[in-house]
Amino acid sequence: MSDAEMERIFLENAATAAAGTHSVSDTGDLLAALGRVVAIDSPVFCPGMTELEKAAAALFPVRAADYAAAAVTVEEVFGAVAETGTIVCSSEGGRAVQAGLLPAHHVAIVRRERIFGTLDDLFAAIAFAPPTNVTLVTGPSRTADIELTLAIGVHGPEKLDIILV
Amino acid sequence: MSPEQTSLAFRANSVCALEDSALRAAMKQATDTFGTKRADAFAPVADLEALRDRASAIRDDVLANLPMYVDRFVASATRAGAVVHRAEDAATAREIVRTILADRGARRIVKGKSMVSEEVDLNSHLEAAGMEVVETDLGEYIIQMEGETPSHIIVPAIHKNRRQVGRLFADRLGVPYSDDPQALTKIARKALREKFLSADAGISGANFAATDTGSLVLVTNEGNGRMVTTVPPLHVAILSVEKMLPSLADLPAFLRLLPRSATGQTITSYVSVITGPRKPGDATGAKELHIVLLDNGRTEILAGESRDILKCIRCGACMNVCPVYRTVGGHAYGWTYPGPMGIILTTLLTGMKKSHPLVDASTLCGACVDVCPVRVPLVDLILGLRKRKVREGFADPRERRGMEAFGKAAAKPALFALGQRLAGAFWPLVRALGGKDVAGRMPSPAKTPLRRRLP
Ligand code: SF4
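Sequence order for the protein chains is A and B.
Numbers 1 to 165, taken from this note's numbering, label the letters of the first sequence in order.
Numbers 1 to 455, taken from this note's numbering, label the letters of the second sequence in order.
Pulled out of the complex, with its shape left as it was, chain A reads as follows (with noise of 0.2 Å):
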């Protein structure tokens, strides 16, 4: 699979399963693409460990410190599985991968280098030594348990963009 066609397919599996989808060349088209997927005013946790959480977190003038207490948390994830259309989530590095989950509104950024094909493609970079937490997400937080009909935004996020980089 080529690297075009790998990013093809994971864009498409990942708006499939309803996460937001964008593609952007450099850091400044990054910016740009965050201020149109996150409301400016809203409080947003942003790690800013790596270099375009640094860049990210620059652009938002509240800044949750915790966040439990924030509306969005922008983050760079570990990478993305093209077979699911998943992110993965990791809590290498002093990671807290639940800043991902309560607020409702998720924002990962994922360097395009970082696609893997497929499950097992992922499985094999991580099984030899795994971090203590490692956790696919693919798309929303939803529930069928009532008449199994689709309700979004149970526990975790109710949106979820992904921005490819």
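Calculated from the structure, these hints are not laboratory results.
Mixed in with the good hints, there may be bad ones.
[As the list claims (entries may be wrong)] Distance ranges between label pairs, derived from CB positions: (1) Pro44/B / Arg112/A: 19 to 29 Å; (2) Met1/A / Ser7/B: 53 to 63 Å; (3) Ala32/A / Cys365/B: 53 to 63 Å; (4) Ala125/A / Pro44/B: 24 to 34 Å; (5) Ala57/A / Asn65/B: 45 to 55 Å; (6) Asp121/B / Ala68/A: 50 to 60 Å; (7) Ala39/B / Ala125/A: 29 to 39 Å; (8) Thr118/A / Gly366/B: 53 to 63 Å; (9) Asn65/B / Val62/A: 50 to 60 Å; (10) Lys279/B / Thr27/A: 29 to 39 Å; (11) Ala39/B / Met1/A: 45 to 55 Å; (12) Asp121/B / Met1/A: 43 to 53 Å; (13) Asp121/B / Ala57/A: 33 to 43 Å; (14) Gly281/B / Ala57/A: 18 to 28 Å.
[Said to hold, decoys possible] In silico negatives: residues of chain A with every beta carbon more than 10 Å from chain B: (15) Thr21; (16) Gly28; (17) Gly35; (18) Lys159.
[Said to hold, decoys possible] Rough simulated footprint, nothing fancy, chain A against chain B, three-plus residues with beta-carbon under 8 Å: (19) 105–114; (20) 135–143; (21) 158–172; (22) 186–199.
No residue lacks a Cβ here, since even glycine has one placed at the ideal position from N, Cα and C.
Use these hints to put chain B with the ligand onto chain A, whose structure you have.
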């Protein structure tokens, strides 16, 4: 769920279920939807049969070497910093969990969906010890509020419609009545969020346990499983010993099969892989992780002729296609696990004396075998249990006499024809004797038997 009970009242329960038109409508809608979604989800999967073979072979290997894999899991999980407890039976498991919680002064407990915790009846034990136990899966939350048990292993409140849930929430939570599932979901989100943030401990099950890394794998949609395992400072996971997978690298095959078989999704919203508690430098995970490995009869099942039931990954597909389950629903079975898989597991776990009525709750049509992602030979296992039922003397003597008479008549055409005429003539009597039982509801025989209508 008391084991002292003489035998499960499957027949009587079924009669009640058949009279409940709301239940039948809900069951039909739900199982039809699941059936279609499952088929759609598998349609684009190339080499499905090879995938099932692979998953089946992995589960066979696990069962063939279960003690070794369990030991390996215990070693790996311990190395990752978890504390592993082995529980021989339900009572021991309950007591282990209670002690862990009580020793740390935990009083407010949030719980993720776990059929094993239902199997050992954990909640009532913890509540008796003065703890508040809140189910956080939406379906479980609903039935806990109503004081019921799950009727389906994937969607526990499948038997309730939106109006019933709306009234329940209005009554118990003091919110305005709504019958909009999205609005009801929001209400539950708000009520449960407070519980998560103030909980002393979280209890979860696990779908799989990887023996090479000591990881627990939770496959969920709502996000409550993630909350329960990462927000409170203490996490207790309870799972039965057969949930082992040799390696974390084996997981993808099961992630391709389980969600598609269960809900018709390509993958669930969330798959969490948890390896030990929070470590220095980590910002995720409970500070303490305890894993309770439940045997509760599995070792004995493993040594017997029904051991293949332990391959089951609890996807629920077999019940969704079962004509009996689809008609009577999960509660009629009377114990934790319903449907074809439930017939077998319940009989093995609670004994023939209690469960023999369940062994008849199958038409042996084989629809379950066609859909089982890990190729559990459900029909063969049910047939095996029926033989055991006869051998152990639990078969109804009337049934035996009837079968003998039928065998004799079927061998002699004249006798058979006479039997048919007698049955036709005395049918009102047969029906009256059957009363409210299933025999009383059998359709009358045809006026002209098929044999005479054939050219
Ligand atoms: S027996 Fe097979 S189909 Fe039934 S729940 Fe288990 S894995 Fe699923």
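Are there hints from earlier that the structure breaks, and if so, what are their numbers?
-> Going through the list in order, the structure violates hints 6, 8, 11, 13 and 19 and respects the others.
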